[in-house]
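Visitor: Below are the chains, spelled out letter by letter.
Protein chains: 2
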Amino acid sequence: MTTAGTDGPGPNTLLPAEELPVGQELDCGSYQLTEQELCAFATQWDPQYFHVDPARASDSDFGGLIASGLHTMSIYQRLVVSAVYQRYDVIAGRAFRRVEFVRPVRAGDVLTCAATVRSVEPDKPGRCLVVVEGCLRNQHGRPVLRLELECLVRSRRATSAG
Amino acid sequence: MTTAGTDGPGPNTLLPAEELPVGQELDCGSYQLTEQELCAFATQWDPQYFHVDPARASDSDFGGLIASGLHTMSIYQRLVVSAVYQRYDVIAGRAFRRVEFVRPVRAGDVLTCAATVRSVEPDKPGRCLVVVEGCLRNQHGRPVLRLELECLVRSRRATSAG
Chain H
709 MTTAGTDGPG PNTLLPAEEL PVGQELDCGS YQLTEQELCA FATQWDPQYF HVDPARASDS
769 DFGGLIASGL HTMSIYQRLV VSAVYQRYDV IAGRAFRRVE FVRPVRAGDV LTCAATVRSV
829 EPDKPGRCLV VVEGCLRNQH GRPVLRLELE CLVRSRRATS AG
Chain W
709 MTTAGTDGPG PNTLLPAEEL PVGQELDCGS YQLTEQELCA FATQWDPQYF HVDPARASDS
769 DFGGLIASGL HTMSIYQRLV VSAVYQRYDV IAGRAFRRVE FVRPVRAGDV LTCAATVRSV
829 EPDKPGRCLV VVEGCLRNQH GRPVLRLELE CLVRSRRATS AG
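Line order of the protein sequences matches chains H and W.
Positions 709 to 870 (my numbering) are the ones given, in order, by the first sequence.
Positions 709 to 870 (my numbering) are the ones given, in order, by the second sequence.
If you're looking for bench data, these hints aren't it; they were derived computationally from the structure.
Predicted, not measured: the structure shown is a model, and the values here were computed from it.
By construction, the Cβ of each residue, glycine as well, lies at the ideal position given by its N, Cα and C atoms.
Each hint should be verified, as a subset may be incorrect.
Chain W side only, calculated, beta carbon under 7 Å to chain H, not exhaustive [what the hints assert, rightly or not]:
| # | residue |
| --- | --- |
| 1 | Y739 |
| 2 | G777 |
| 3 | A791 |
| 4 | A803 |
| 5 | E808 |
| 6 | F809 |
| 7 | L837 |
| 8 | V839 |
| 9 | E841 |
| 10 | C843 |
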């Protein structure tokens, strides 16, 4: 499990949009999910029986508890923020394009995160629209989550390109 | 704030796909976000400064702390599960189509949730692909989150339609 500190680099050391490594796959570390955490997250945010009730879940299509998709996305976010976004001059996330829950995530799984900046395009003056593609894989190397994020990152250019 | 119990109806009382109210907007209640919760969620899952550091956030584009998009999505999920999905015979979520963070969410905001089943289509035998459109609005009636979910719901038909 990687450590997600809340102290990123200061505002003066953050990378602007034009310095992001487009096309380079970035290793964002990994995270092991426990059954206690799986149930605690889902009890608070997604209390469907296949996330919170081991007995009923054992009779479900998955044969046991699976993690909430929101929990899986939150694990992805924690890893990518700590490894990548805290170094970028991010303004905010704007949208997820398609988010796919490719395979079930179970207690004990070790999820490894990779992210790639796909494109950086001028948006309004002083900022760019950045598209990031992300993936979590389990300990067997199989994808469990695939997503694309649109976010806004500060640019050093005062005006947008035409 | 609505109460999200973990005890939904039992397996015998759950609605199959063909009984879902297609096209009807469902009121899923509301939820008030505190600053403590906003920071606690983001410290664990999305520790970007504009979610966790009030001093630096006050100099950001938003002039103060804003909630993590994952937190906003989790609030949506809690409300829709408690009001709607716990009554349906859901197998699992499969994907979010576009998820839009339309406006910033701030501490103190009261978010009201609505969801509409947009379509129910046969998938594999015994199950349907259900598309649900969801929205969170703030206390000013303005949308802050819009999304579309694809999920699988059990069907009473043993075979899929052609």
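Visitor: With reference to the structure, classify each hint as holding or not holding.
Guide: Right, here's what the structure says about each hint:
no. : hint : verdict
1   : Y739 : 11 Å, violated
2   : G777 : 5 Å, holds
3   : A791 : 12 Å, violated
4   : A803 : 5 Å, holds
5   : E808 : 5 Å, holds
6   : F809 : 6 Å, holds
7   : L837 : 13 Å, violated
8   : V839 : 13 Å, violated
9   : E841 : 15 Å, violated
10  : C843 : 14 Å, violated
Hint compliance for this structure: hints 1, 3, 7, 8, 9, 10 are broken, all remaining hints hold.
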